[in-house]
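Number of protein chains: 2
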Amino acid sequence: MIEFDFATYTNQFINPDEFNRYNSQLIDVKQLFDPSRDMTGWYDLATLFAKDLITDIINTANYIKNNCDVFLIIGIGGSYLGSRAIIEALKPYFSDNQPNIYYLGTSLSSDYYHDLINRIKDKQIIVNVISKSGSTLETNIAYSLIMDLMHQKYSNEELKNRIIITTDKEKGKLRQDVNQYSYKSFIIPNNIGGRYSVFTPAGLLPLAVANIDLNKLYLGAQKANADLTNQIRYAIIRKIMFNNGKIVEAYVTYEPKLAFFLEWLKQLYGESLGKENKGILPISFINTTDLHSLGQFIQEGNKILFETVFNIKNSHYNIHIDQYNKTLNELNNIATTAVSKAHQHGGVLNNVINIESLNEETIGYLMQFFMISCVISAHLDNVNPFDQNGVEEYKKIINSLLQGINS
Amino acid sequence: MIEFDFATYTNQFINPDEFNRYNSQLIDVKQLFDPSRDMTGWYDLATLFAKDLITDIINTANYIKNNCDVFLIIGIGGSYLGSRAIIEALKPYFSDNQPNIYYLGTSLSSDYYHDLINRIKDKQIIVNVISKSGSTLETNIAYSLIMDLMHQKYSNEELKNRIIITTDKEKGKLRQDVNQYSYKSFIIPNNIGGRYSVFTPAGLLPLAVANIDLNKLYLGAQKANADLTNQIRYAIIRKIMFNNGKIVEAYVTYEPKLAFFLEWLKQLYGESLGKENKGILPISFINTTDLHSLGQFIQEGNKILFETVFNIKNSHYNIHIDQYNKTLNELNNIATTAVSKAHQHGGVLNNVINIESLNEETIGYLMQFFMISCVISAHLDNVNPFDQNGVEEYKKIINSLLQGINS
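Sequences listed follow chains A and B, in order. Taking my numbering, I'd label the letters of the first sequence as residues -7 to 399. Taking my numbering, I'd label the letters of the second sequence as residues -7 to 399.
The hints are simulated quantities; they were obtained by calculation from the structure and are not laboratory data. Hints may be right or wrong, so weigh each one.
No copy labels: a pair is met if it fits in one copy or bridges any two.
What the hints assert, rightly or not - With a straight-line Cα cutoff of 27 Å, these simulated DSSO-like cross-link-like pairs (lysine-lysine) come out:
hint, residue 1, residue 2
1, Lys295, Lys57
2, Lys231, Lys270
3, Lys318, Lys165
4, Lys387, Lys333
5, Lys176, Lys57
6, Lys295, Lys270
7, Lys295, Lys387
The model shown is predicted, which means the values in this text are computed figures rather than measured ones.
Based on the provided sequences and hints, a complete structural model is requested.
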């Protein structure tokens, strides 16, 4: 299903003694995910995918699909990146989901809100507001703008069927609204942080609306829990790269559908490990287009980065290119391999991850794989993978500035 | 129109003596753009925007607008990023241009080609193929796939009105096709490289089709030629940052419409300066969404980066947010300023560029500004800003691999 072609590419970069030294530190790695530890709820997939909860999510998704033209997802960061990553990876290009899905709360652009509201105002709308804390600035602004529209369109009684809140079980302004207005709600468990929440209702409800098969996601993710060998190897390779001055990791795809999956990875690794003046800066390359933009830098520029490449072996379609007597997908695979080799020769380590084909099971596997491996990386770096005080600082600054305005 | 708020933010980071030392090296900076120098054709805006050429472009654009539903732009890297950057920056969200514009040749994704051809096959189509060399792999594959479709739909005679080639005046396979099949064509001057070609027909024809006012672009770009003070300052700041171990520059926007403008900048700086094991790695942040992903790393992680922030002062729309008694755009400006200050306090230099509003004149100015400043940076780094041997290496590897397959 997925092959980690690390060995082929890493020998020239990784000292076996250094590798083994780290490996011996990770004998008890499973204990990092023990339920007794804080914020490890995302590892317990059986609880996340409990039958009653999944039934509730599927039923709600069916109601949504039957009762609106437009499904609005309001959330930022971990509240939307996971589900959007999977939806974009698995849906066709140019397809309009039925219902159409739009994302809000991801910026403060006036143009975006103006143009979006203009586009949807005459449609039947259902809204899913997602914020664990219930106090995210961008989410609250989007929520209040959309509620203005919703109140114009629908009665308070009807809104009970059209507003769905995904938030903490007890705390925060969004939970208050659920209690006050009898909105439908889902819970983000308090032992799961935003960037690890893709398999909570924060991710699963939007995914179900977009007809993603949740059971196959679960089966894929379970496989990543079952064997941690490659997660450990990946974490150690990252650590050794960092020790050698490679302070930027580029996640690389040759299938533009994976762009949001790479955005999800950037948040996961940036927020989990970028602290105490440590961390590898995660960036993304969408090839081949970025080869014609940053390829020059990678090949001949400052040697500060290494790459982790997602190579999809099989495509859904066979498009024959006569002049090369190959399918387009074969050419894409050849380009991927050739570029990895060229970069490797240029002194840039490439971790190649070969994915048999892009589907629920493989992407479910990959997400769980990288969440697990990220926690192992944090263990090697001796940082807490579950806090984000730097983001809290930004939130505090903005909020105090806005309090000042308001008072 | 545009204010460079460098002084306010840089004092804590820039040693005045170091600044003045570099400044004194740049007294004759205008000679870098002298017509006698190789590859400086892009600086001569009067020639690029010559009346006859613009008339031909506008007439061709009008023909395209009146004779198709779908306008396909086939090109990669510098052949499409500049025009796409301007079109995305200036058109409304969710708007379908008339004709619809689609980009091809930017990846080797089978899914993309399958889904795109499915979507357009019954429409009236006009194609613009853009490649200076005429030998770009991705462009040629897209061109051949689309020509299969075009030959099914149209006679050879009709194709003369539906295929437009933008390439070198004399050389390459595309120019041969122009000569052989009597296609309409435009010239990319041989003294202008791909990433500096936005104001050649490579950029201007797609822009005219998208109803971008070329004259206002020209007026903006001219202003950037007229005074080089801030271009020099920006280049010196980058140099000093690099000397201080800041090896990543993040281009930052709070208006997602600028995403492709940042991609264009990444190519310009990555390809022009990423060589001889030198260069600052250019990346982009689309805020506020990326604050909830990489904000943690910037604030508290490894201190390897500095930021250049594009702050748009005025929006097209005033959306009032009751709870803060401010417009949404005012809140976006407050967020921009607050985050810049927070990052600055966290030890991350922020170059803030205040843009009165987003329009043809300001974006024309910015593009010319950054092309000029990039060449000054190359002068300080003692590298050639106009070659890209690393990309040629990738092209060579792929082509030799494909020759092997073919033979």
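To see whether the hints hold, each was checked on the structure:
1. Lys295 - Lys57: Classified as neither; 49 Å inside a copy, 46 Å across copies.
2. Lys231 - Lys270: both (11 Å within a copy, 24 Å between copies)
3. Lys318 - Lys165: between (57 Å within a copy, 21 Å between copies)
4. Lys387 - Lys333: between (43 Å within a copy, 13 Å between copies)
5. Lys176 - Lys57: within (15 Å within a copy, 48 Å between copies)
6. Lys295 - Lys270: Both: 19 Å inside a chain and 8 Å across chains, each within 27 Å.
7. Lys295 - Lys387: between (34 Å within a copy, 20 Å between copies)
Of the hints listed earlier, the one the structure fails to meet is number 1.
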